[in-house]
Amino acid sequence: MPAVSKGDGMRGLAVFISDIRNCKSKEAEIKRINKELANIRSKFKGDKALDGYSKKKYVCKLLFIFLLGHDIDFGHMEAVNLLSSNKYTEKQIGYLFISVLVNSNSELIRLINNAIKNDLSSRNPTFMCLALHCIANVGSREMAEAFASEIPRILVAGDTMDSVKQSAALCLLRLYKTSPDLVMMGEWTSRVVHLLNDQHMGVVTAAISLITCLSQKNPDEFKTCVSLAVSRLSRIVSSASTDLQDYTYYFVPAPWLSCKLLRLLQCYPPPEDGAVKGRLVECLETILNKAQEPPKSKKVQHSNAKNAILFEAISLIIHYDSEPNLLVRACNQLGQFLQHRETNLRYLALESMCTLASSEFSHEAVKTHIETVINALKTERDVSVRQRAADLLYAMCDRSNAKQIVAEMLSYLETADYSIREEMVLKVAILAEKYAVDYSWYVDTILNLIRIAGDYVSEEVWYRVIQIVINRDDVQGYAAKTVFEALQAPACHENMVKVGGYILGEFGNLIAGDPRSSPLVQFNLLHSKFHLCSVPTRALLLSAYIKFINLFPETKATIQEVLRCDSQIRNSDVELQQRAVEYLKLSSIASTDVLATVLEEMPPFPERESSILAKLKKKKGPGAVSVTELEDNKREGGELNGEGDRGPDPAAMASSNASTPSPSADLLGIRSAAPVGAAPTSVGSLLVDVFSEAGPAAPSAAVNDDGFLSSASPSEDPAPPLSEADELLNKFVCKNNGVLFENQLLQIGIKSEYRQNLGRMYLFYGNKTSVQFASFTTTVSCPGELQSQLNASDQTSGTTGRGWSPDPTGTQHRVLTDFSDAPLLNIKFRYGGALQNLTLKLPVTINKFFQPTEMTSHDFFQRWKQLSQPQQEAQKIFKANHSMDTEVLKAKLLGLGTALLDDVDPNSENYVCAGVIQTKGQQVGCLLRLEPNGQAQMYRLTLRCSKDSVSRRLCELLAEQF
Amino acid sequence: MQFMLLFSRQGKLRLQKWYVPLSDKEKKKITRELVQTVLARKPKMCSFLEWRDMKIVYKRYASLYFCCAIENQDNELITLEIIHRYVELLDKYFGSVCELDIIFNFEKAYFILDEFLLGGEAQETSKKNVLKAIEQADLLQENIDFQMRLFAGAAWSSLWCQREADL
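Top to bottom, those sequences are chains A and B.
Reminder that position 585 of the first sequence reads as 1412 in this note's numbering, one-by-one numbering, no gaps.
Reminder that position 41 of the second sequence reads as 43 in this note's numbering, one-by-one numbering, no gaps.
Hints may contain errors.
Below, in silico cross-link-like pairs of lysine-lysine (DSS-like), each with a Cα-Cα straight-line distance of 30 Å or less [unchecked claim]:
1) A:K914 with B:K134
2) B:K29 with B:K19
3) A:K1104 with A:K1125
4) A:K1126 with B:K94
5) B:K134 with A:K1126
6) A:K1719 with A:K1706
7) A:K1126 with B:K29
8) A:K858 with B:K134
For the record, the hints were derived by calculation from the structure and aren't laboratory data.
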């Protein structure tokens, strides 16, 4: 017979429990319970006073019923009565009931606290412990108020029994966790810290939990614990396995205490005192050594306890991140565990290695295990272990192994558990972007992602691929080709249709030359998917169609036919119907010029942090994406709106007048004011006079349709140029279009054209807020001597409404002679009453007026020699700031405006360019030579120009570009 | 540690100990979901899993699952051994413990746990010391209380579960 009869038995309780267990059905059980509850209720209410035993028995039955999952709404008073019984067993049951079942009934708490107070002052250690256990179990604020000042006294008093000290320490910890403001250590601090030296191991074990928690909150006050902890740890680690008697667990001395000591040390930086640090390093080495020793027992408890200490030690080593030797040893040890037969160890090793991967000292060592980790991803039978392997691959990924890791993750995705697919997709998308050397690989990867796990590809992922394709002209043709091929699959995911529709709508022309992907083939392919798609995707496709009309006039008739059919023009969805109607009308009344302007290629997106990263972070909690720092969430949120809604539907932005709000309308839709016909006309007329030889045009003026010109214009002086103005300017040396500036309120896009000594620049002001700006004015000026070098004039037709201005500000430049400064753009407006005043440099640089000059090698060297005066040459040697990739460099040099000459320089690594700068008065010939040194990541740039000031200025400008 | 749950293979909760303040409703929800999650796992799987924002450490002894929820920085292996030490304590106290001991003497299981863990942290890891404390308490009871013996356990014997080999 089992020894269940130890202590007291409660026969009635045992019978009741047996009855419940014998119940055949849930209903029978409930019936039996209700009968019992009625019985107990009548007993408690009856006039006959119950004896202690009965009370205890009934309270115990109530507790059992509660633990079965039923609600108990009486009996609390009887339990409180039991607390003041002088029979231990009754008191104990009373406390148990309170611990499990107490709710914040203030009346009751007062009574309970009274009983606890009595027991705490009873000097009977058994009673004191019961009372302390109860406080620790309930841990309510009322209890903290009543006892937080009393317990530290009990904890450090000289005559307190060890067992009471242990309970007091942990009781205080619980109160500190619930009400830190009420627990004042103050004068007790040093005596509590010295409990680490206590002779009784149990006291140390309990006290260290309290000390660790307090140290986390007040590290300075408790920092003396570091040396005490180190010496305690050192004594344990070096003790023989039998020294600590009952605190030795399966031949491992004091594993719990060791782990807690190592945990406590993780609250602090490495000890400054050399002796303490030396002793600690010795301990850590001993722990690592012990891991290599043969086990003293075959029991799993032995190895678990030993390895628990080892993992905690490794955590400490990683926390310090300053001992390369220990870090590498830790990594090797974990490497052994990666192939261990115990699943638990493999799991922990993968987890721990993840943190090692982010340390510069051990990153390389972690990378050597890549094959094992990939194997784990493929063969582990437990999804949680596979998840760890995927995390580790993500953490160890860098430029050297990105292709391999991404490929493995992609192939794993095909069979991955549904629970982790979305996270895997995000990880693959992030790695592919972060380590993309050539963007065709990136495009392939994302399209594969959509193909393999389309359902798990969130909007952020496919928005992002579109942003990247739009911003990088070197990949646009490839993307169009690839997406066209992907769409050939009979069943392709809707996300693929979205990406396909968007990309072909923008860049379908790049592959239209091939008869296999002629405009009509492209259109028919897209349209074959149309009927299977959801409304938002259909809306996107309609926008792609209207873009097709612009790209390929030969498709106009076919597409108009489609738009005209009833299922479009009379679609029950208001958004689809509106698009069909408007696009049809637009395509039939607008001239080709107008169409070309309205349906122009999307401007580049502002370079920003990937929103995918933010999403992953949200999914995994902070720390999950430790490798890449993230900016604050607020910005991320804004970005999702901004890019997200711009992402899917640019065509609508250019044409739809958002007069009717509809469920799928674009947030960035155009202000309702501009009728489709009118806006393009004005833009058109602007285009006409771009290159007219008109002199400086009308002085700056603010035009707006809200008639606030009459209100007082801001009279303040223009602000000085922003500190980053030069940096912004540098972004545009090699390109003509992009986002010039952006803050929380405003985004300024730029588009410019140059011919000979004339330039025209369009500035697009985007209001990012939800309210109108008041008194919006812009002024362009040429400071100082620039006035005599450059004519700059602006023709503003700005806007202050929400969203993007349909009518850009035009600025004309006429270069009279060479110049080095840039014209200033001042913007003033009122937002929420405050005057915003900012000044930027317009990216008009001397190189914009380059005419490329093709010449032979012979001509080049002849001219090079002619420009041999020392002041005609400017040379600079500088470190590479950007990718040294050949294609990137070529694109930049072409963007500069010069001709890139092949076969001139005997060294094929070098680049040679030639061009002529056109000014009104004269032409300046320029020759350029750029010599990259890939090994040293350096460049030497040499310029020879017929005018020395031009050499110097170009040299300055260009040194920032590579 | 945030909480400890003991439940049977059939998903019946046998003991629950919460070290963080939660409403009854939340406790029930957590219990229901976690029991389901753990029972769905196969025998050779790893004893740790990430669940919500916690780490779960569990181990099965005969028909009973012992399951602890710990915080992210806590040590999984040492928690596994906390479970084992608790099982050892129960085993020593009841003499070859089984699920029925815990059902019929749930209050004892709570008392032993309170001596071993308090506020979710190890209070006393020495097996001897914990058992000494419990025995002292039992002694107090024997002296004061009228002896009541449980009815014969013979009728249950067919129900005794098999003890796990390494106990």
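Mind checking the alpha carbons of B:K134 and A:K1126 for me, to see if they're no more than 30 Å apart?
holds, 26 Å
Just to be careful, I want the Cα atoms of A:K1719 and A:K1706 compared with a cutoff of 30 Å; is the pair within it?
holds, 17 Å
Given the proposed pairing of A:K1126 with B:K94, does the C-alpha separation stay at or below 30 Å?
holds, 18 Å
Can the restraint linking A:K914 and B:K134 be considered satisfied, given a maximum Cα separation of 30 Å?
holds, 19 Å
Distance restraint between B:K29 and B:K19, which requires alpha-carbon spacing of 30 Å or less
Holds - the C-alpha atoms of B:K19 and B:K29 are around 10 Å apart, at most 30 Å.
Within a Cα-Cα threshold of 30 Å, do A:K858 and B:K134 meet the stated pairing?
violated, 41 Å
Regarding the pair A:K1104 and A:K1125, is the alpha-carbon distance no greater than 30 Å?
violated, 34 Å
Between A:K1126 and B:K29, does the CA-CA distance stay at or below 30 Å?
violated, 35 Å
Taken one by one, the earlier hints fail for this structure at numbers 3, 7 and 8, listed in ascending order.
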